[in-house]
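4 protein chains.
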Amino acid sequence: MPLRIGILTGGGDCPGLNAVIRAVTKSLLRQCGAEVIGIHDGFGGLMGPAPHVRPLDWASVSGILMRGGTILGTSNRANPLRSEADAERTLAHAHALGLQALVVIGGDGSMAIAHGLSQRGLPIVGVPKTIDNDIVGCERSFGFDTAVATVTEAIERLQTTAESHGRVMIVETMGRYAGWIALEAGIAGAADVILLPEIDYDIDAVAAVCRARAQRQRYTLICIGEGAKPVGGERTVQAWLPDSPDPVRLGGVAHALRAALQPRLDCEVRATVLGHVQRGGAPTPFDRVLATQFGNEAAQLIMRGEFNRMVTLRDGRLGSIALSDVVHGTRQVPLDHPLLRTARQIGVSLGEPA
Amino acid sequence: MPLRIGILTGGGDCPGLNAVIRAVTKSLLRQCGAEVIGIHDGFGGLMGPAPHVRPLDWASVSGILMRGGTILGTSNRANPLRSEADAERTLAHAHALGLQALVVIGGDGSMAIAHGLSQRGLPIVGVPKTIDNDIVGCERSFGFDTAVATVTEAIERLQTTAESHGRVMIVETMGRYAGWIALEAGIAGAADVILLPEIDYDIDAVAAVCRARAQRQRYTLICIGEGAKPVGGERTVQAWLPDSPDPVRLGGVAHALRAALQPRLDCEVRATVLGHVQRGGAPTPFDRVLATQFGNEAAQLIMRGEFNRMVTLRDGRLGSIALSDVVHGTRQVPLDHPLLRTARQIGVSLGEPA
Amino acid sequence: MPLRIGILTGGGDCPGLNAVIRAVTKSLLRQCGAEVIGIHDGFGGLMGPAPHVRPLDWASVSGILMRGGTILGTSNRANPLRSEADAERTLAHAHALGLQALVVIGGDGSMAIAHGLSQRGLPIVGVPKTIDNDIVGCERSFGFDTAVATVTEAIERLQTTAESHGRVMIVETMGRYAGWIALEAGIAGAADVILLPEIDYDIDAVAAVCRARAQRQRYTLICIGEGAKPVGGERTVQAWLPDSPDPVRLGGVAHALRAALQPRLDCEVRATVLGHVQRGGAPTPFDRVLATQFGNEAAQLIMRGEFNRMVTLRDGRLGSIALSDVVHGTRQVPLDHPLLRTARQIGVSLGEPA
Amino acid sequence: MPLRIGILTGGGDCPGLNAVIRAVTKSLLRQCGAEVIGIHDGFGGLMGPAPHVRPLDWASVSGILMRGGTILGTSNRANPLRSEADAERTLAHAHALGLQALVVIGGDGSMAIAHGLSQRGLPIVGVPKTIDNDIVGCERSFGFDTAVATVTEAIERLQTTAESHGRVMIVETMGRYAGWIALEAGIAGAADVILLPEIDYDIDAVAAVCRARAQRQRYTLICIGEGAKPVGGERTVQAWLPDSPDPVRLGGVAHALRAALQPRLDCEVRATVLGHVQRGGAPTPFDRVLATQFGNEAAQLIMRGEFNRMVTLRDGRLGSIALSDVVHGTRQVPLDHPLLRTARQIGVSLGEPA
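Residue numbers (UniProt numbering), protein chains in the order written: chain A, 1 to 354; chain B, 1 to 354; chain C, 1 to 354; chain D, 1 to 354.
Please keep in mind that the hints were generated in silico from the structure rather than gathered at the bench.
These numbers were taken from a predicted model, which means no experiment stands behind them.
Among the clues, some could well be false.
[As the list claims (entries may be wrong)] Okay, the calculated beta carbon distance ranges per label pair:
id : chain 1 : residue 1 : chain 2 : residue 2 : range
1  : D       : Asp-336   : A       : Arg-344   : 49 to 59 Å
2  : C       : Pro-49    : D       : Ala-208   : 46 to 56 Å
3  : B       : Ser-60    : D       : Gly-48    : 25 to 35 Å
4  : A       : Ala-59    : D       : Arg-82    : 52 to 62 Å
5  : A       : Pro-55    : C       : Pro-334   : 32 to 42 Å
6  : D       : Gly-98    : B       : Ser-60    : 39 to 49 Å
7  : B       : Arg-264   : D       : His-337   : 46 to 56 Å
8  : D       : Pro-338   : A       : Gly-109   : 25 to 35 Å
9  : D       : Asp-336   : A       : Ala-112   : 30 to 40 Å
10 : C       : Arg-30    : B       : Asp-266   : 22 to 32 Å
11 : C       : Arg-30    : A       : Ala-212   : 51 to 61 Å
12 : B       : Asp-266   : D       : Asp-336   : 20 to 30 Å
[To be verified] Just a sample of chain C residues kept apart from chain B, beta carbon distances all over 12 Å, derived:
id : residue
13 : Met-1
14 : Gly-48
15 : Ala-50
16 : Pro-51
17 : Arg-89
18 : Gly-116
19 : Arg-120
20 : Glu-139
21 : Arg-176
22 : Leu-183
23 : Lys-229
24 : Ile-321
25 : Gly-329
Quick reminder that beta carbons are idealized off the backbone N, C-alpha and C, glycines included.
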C-alpha cells in the first residue's frame, strides 16, 4: 500500500510556498509513489468541522514553481490546540484521511502547533517559512530574498523622487522583531540611514545625517524596519488584529519617525509604508532554488521515517532539528553581525549617536 | 551667435523627465549648435535669489534616458508669479543668462506660470508632464505608462496574498481628479472592482461583489483611485501640505473604504496605499519613446520660432497648442469611454448600483 | 438556445493571446450566456482528423490574463485550405460542434484562411496578432509593446558590457519585413545605430559612427532588425524551416554585419541574436489592456452579427474591417514616419550615407 | 601622509563590479582618509604606455551601486607579465603614481597576474569575480545571482512559447567549465533537462525524456551549459577569439544538441543562445550586498596591511587566502552536490542514461 502524506501551509503568505509544495509532491510521487493530500487553509482544513482537502498529482503542481501565494490557501487563525475538542477532531480527521504523516510549512507558531500534534501521535515534518528570515536555527529562509528584492526596488523608485525634490524619504519595511529585511534592502538600495528593531535610534543623530546630506547630496533615504523605535521610546507598531472590526494600521513607525524628524529639518519629509506587497509575487530564482531544496529535504525525511523534525539550513547545509528544539523565539540580527559592521564602515548610519 | 536656450522641470516627479531633457538637448546641440542651459529646481532656479543653472552638453545627458527623476531637480512650490518682484527678478535673471527661449516641462500649474512669463516677454515652449494622464489637450503623457506598470505589479503581488488568505484587498493609486491610473492598472492587474473619481461608488454594490466572489473565488481585489468617493460622500483625500509640521496623510480613501466594507463582510479586508513609488523609477520603453518625441518636438518648435505653445499628442499625432489655450483643468475619464464599457462587459464592477 | 462560439489562436506565439481569449470568453459568457468552445492548436484542432476542443467557462480563463503563450496551443503549419478535402472536413467539424461562429486570433496568414473559410459559409470574426506590429490596417497590435520591452532590457544589459570593454555590440531583433521593434527598442534602449528592413544600410557609414564614438564614448550599440540588409546586398535572414532536419539559423543578419564591420574597426565587435525570447513571457500592462479591448470588441461583433470582419485600431479607435479587405501584406515603417525623423534629429544613425 | 591605493577591474564584465569599487572607495575614504586612484581598462591602464587613471572621491562612486558594468572599464587582454619590459613598466607606473597598494577585482587569470606583481613587490589585495561562480576557494561570487536571474527569466519566456507550439526548446547558458549557472537557472526556471559540463549527456536519454513529455505535457525545456558535451563527444564551445577577424561563434553546444535531437523527435526543436546579456545589467539585491561586503573586506585587509591575499567566502563567512594559494583551476559542481540530488529526486533529467 502506498504512503499517504498530507501537506499544509500555515501562517502568513510567503513567496516560495508553491515551490515547496511542488518539490514535496514531485519527490514523493517519483520516489515512492506516495499519495499526496493537499489540505486547504492551513490547520483549518484538517481541524474541520469537516476536512477540506484535495489530492495532489503531477498535474496539480505543474507550473506553480514561479507563482506567488499558495495553491492550498493558508490561515493564520486556525489553531487545533486551542481546545481539547479541536485537537481530537483534527487527529480524527487525519486518521480518517489515512495520513501516515503530515508536512507542515509554516512559521514558529505553526511549528509549535506541529509539535503539539506530533506529541499526540501524528508524525510531522516541518518546513520553516518566514519572509522576515527570523526563525531560530535556520540561517536563510525562502521568501526573504524576494521580500528584499521588492523592498529594494521600491527604495530605488523613492530615491529618484527624493533626489528630484530634495527630500527626506522614509520607507517602512516588514520585520516586526528582526531587522533583516530593512538591513539587506537598505544596503542593496543604497539607503543612507537604516533603522532596525535591534538598535534603538537616536532621533538627533538621524536628523544630523539628514542635515549633513542636505548640504551635499540634497536628499536622504531612510529605511526603517516596522519594529524599530527611538531610544527610550515604545514599540508603536501593532499587528493587524483580524478579529477586530477596526484593526490597527501598519505604518505607525514610519509616520512617528516622520513626525519627529520634520520639525528638526528644513526640507520636506515623506513616509511610505510598503505593507502587504512584501509578502506577494513570484519568488526570485534564489528563493525558488532554496524552497525546492527545502521541499525535497522534507520528502526525504518522510521517506526515511525521521518524523517530528523541522528542515533547517545551517552553515550552508541542509539538515533538520527536532520540533521540540525549535525555539519559540526570534532570530534577530546579532549586534556583531558583519553586515552591520560593513554598513557603518561604508558610511551608512544605523541611527546611533555620533 | 548660437542660440541660448534654458530648460527646467517643474512640479512633481515623473518618469521620463530625463528623457525629455536629453532629447531637447541633443536635438538643439546637433541641429543648430545651441547652448543649452539647465535650470535647477524648477522655476526656483530662475527666480533666485540668484540663478542656479548649469550648461548641458552631450556628456551631461549621456546615460540619463533610462533614469527616473530629473537631473535638474524640481520644485512644486516656486512660483515667480506670486509677486511682481518675483516675476521681475525671474525675467531679469533670464535676460542676464542671455536666454532666447525657455523650455518648461511641467503640469498644468507650470503651464499657467509659463503662460504668465510668456506674456511678459519670455519666449517659452511647454512640454506636458503628468503621471495622472490628465492634462487637457494631450491624450497620452509620458510617465503614465510607467505608473500603470508600477501599480499593476503591486496589484499582482497583492493578489497572490489575497488569494492565499481569502481576503478582500484594497489598493489605492494616484489620480486625484482623474481615474486613468486606477482604470488601466485595474484592468491590467485583473482587479475585480475599480473605483474612480469620475463614478461615485455604491458601498453596498461593492460589498455585494465581495460576497459573491467569496463563494467562488475566495478573494476580491479592489483598485481605487485616491480621488474616488462613495455616493453622497465627500472627497477625503488631501494633499500633503508641505508647510505644515503635520501633513495630512495619503490613504484616506483606501482606509475609509476599508472601514465601510469590513462590517459588511465576513472575511478580512486589508488596504495598501502605494504612494510615492508611483512617481519614481526608470521609465518604461513606451514612456522613453514618448518622452523622446516630446522633447525633440519642443526643440523643433524652438528652432522654428513657434513660441508660447505646448507640445501635444492628439489622435496619435504630435502637435502643439497655444499656452493661452491650455485649459486649467483636468482631463477626466469620459463616462462613455470605451475602456469603461469594456470593463463592465467583461464583468469588472465599477461600484455602480446593480 | 444559447450561442455556441468557437475560438482558436493561429500562427506564432505572441504575448497577450491569453488576454484575448479571456476577454472574448468573459464577455460572451456574461452578456449572452454563450457556450464558448476552445479549439486546440490553431486551425489544426478544427481540421482534424477529429476535432480537438474543450469548453471554456469562467474558471478556465481565470488567472490567465498575465500569462504568456496561449492556453489553447497554436500551430503555424495547419492550413485547412491546402486541399478541398481538408476544407470540407474542417467545416464539417465546425458544423458537428454546433459552432455558430468562430473567433480567429492570428496574423495575416490566419486571416487569409479565415477569409477562405468565411466564404465557404463559416461566420468568422478575426483578431489581429503580430509582435512585429506589421498588420495592414491596425496601427498597434498587442504583443508588440512586450517585445519592445524585452529587447530594450536586453540592449540595456549589453550596453553596460559594451561600455566596460569598449566594444561594438550588435543586437538582432525580430521583424522580418518591418522594423518597428528595432526602431522603438533602439530608441528606448539608447542605441547609437538602428538598422531597419526599410532602409538599406551603408556599411561605411555604420563604421564611421563606430569610429567616431570610439574616440569619445568608447563603445557603440547597434540595433538591427532581422530583415535589414546593406545597400546592394541580399536579405540573408531566413525562416526556420520546420520540415527540414537542419533548419537555417536565425542570426544571419547580425553575424553578417559583424563580419563586415570587424575588419573596418580596431575594437572588438560582438553580436547577440535575441531569438525566441521576444515571443514569450507575460504581456506588459499596456498589452494586457489592448488585448482585453480587442477580445471584448470581437465578442461585440459576434453578438451584433457582424461577421467576416477583423477587429482594428485606427487613429486610436477600435473598429473593424472586412476580412476581404485585410491586405495580405506588411505594414512597414513609412520613410516619413515621425520617429525616424526624431531618431535622426537626436543623433541616432539609421545607417544612411553621411 | 594619507594612504594612496589603486583599484582596477580585470577580465570579463560582471554585475556588481561597481558595487565593489564603491565599497572599497567609501570604506577607505571614510576610515582612513586614503586617496583612491581608479585605474582604467584593467591592468592595461597601469601597464601603459602611460598610466590611465583618475582619482575616485565620494561623488565618483555615488549612484553606481545598482549600475551594471564598471566605471573603470576592463580588459581581458592586457597582461603585464607577458614580458619583462611590460612588468617593469607596470611597476614603475605604480611607483610613479605613489600607490602603496593595489586592489585587483578579477577572475583567476587576473589573480595569477596579481600574484606575479605581488612577488615583484607591489602589495595587492584581490577580490574574486566570476559570473560562473567557479573560482576555487570562494563558494559564492557576486554576479552569479544576477546571471542566474537573467537566464531564469529567459527560460520562463521560452517556456510559454514552447508550450504554445508543443516544441522542444534548448537554451544555452554561460559556464564554460562549470555548470553552476545552468544548474541553478535550470532548477529555478523549471527546466525538464539540465546538461552540465560535469556530466556528459546521453543523447538517447535526452530524446527519451522529450518523447515521454510530448505525450503528456507537449513540450520540453532543456537548459545546457556552454561547456556540456555528449558522452564520447568533444567540447565544441570555443571562446571568441578577439584577435581573429572572424571569431568562432558561441552557440556551438546548443546547435549541436539541436542537430542531434531533431532527427530523433517528431516535434520541432529550437535553440536559443543567450550570450552576452548574461554578463550585463544591474546586479540583483543579493549581489549588491555580497559585492559591498567583498569590497569592504578588501579595504579592511588594506588597512590591516594584510597584502597579497584574496577575499573569500567560505561556510558563509568572509575571509581571505594567500594569492599564492589561489588555485589556477575551476570550481566545478561536485558530483555529490545536494542540488544535483535534488534535481534527480524531483524528476529533472541530467541527461544520464536511464
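Hints and how they fare:
| no. | hint | verdict |
| --- | --- | --- |
| 1 | Asp-336(D) x Arg-344(A): 49 to 59 Å | violated (40 Å) |
| 2 | Pro-49(C) x Ala-208(D): 46 to 56 Å | violated (27 Å) |
| 3 | Ser-60(B) x Gly-48(D): 25 to 35 Å | holds (31 Å) |
| 4 | Ala-59(A) x Arg-82(D): 52 to 62 Å | holds (60 Å) |
| 5 | Pro-55(A) x Pro-334(C): 32 to 42 Å | violated (58 Å) |
| 6 | Gly-98(D) x Ser-60(B): 39 to 49 Å | violated (32 Å) |
| 7 | Arg-264(B) x His-337(D): 46 to 56 Å | holds (55 Å) |
| 8 | Pro-338(D) x Gly-109(A): 25 to 35 Å | holds (29 Å) |
| 9 | Asp-336(D) x Ala-112(A): 30 to 40 Å | holds (35 Å) |
| 10 | Arg-30(C) x Asp-266(B): 22 to 32 Å | holds (26 Å) |
| 11 | Arg-30(C) x Ala-212(A): 51 to 61 Å | holds (60 Å) |
| 12 | Asp-266(B) x Asp-336(D): 20 to 30 Å | violated (53 Å) |
| 13 | Met-1 | holds (22 Å) |
| 14 | Gly-48 | holds (32 Å) |
| 15 | Ala-50 | holds (32 Å) |
| 16 | Pro-51 | holds (27 Å) |
| 17 | Arg-89 | holds (34 Å) |
| 18 | Gly-116 | holds (30 Å) |
| 19 | Arg-120 | holds (31 Å) |
| 20 | Glu-139 | violated (7 Å) |
| 21 | Arg-176 | holds (21 Å) |
| 22 | Leu-183 | violated (9 Å) |
| 23 | Lys-229 | holds (25 Å) |
| 24 | Ile-321 | holds (18 Å) |
| 25 | Gly-329 | holds (21 Å) |
Violated hints for the displayed structure, listed by number in ascending order: 1, 2, 5, 6, 12, 20 and 22.
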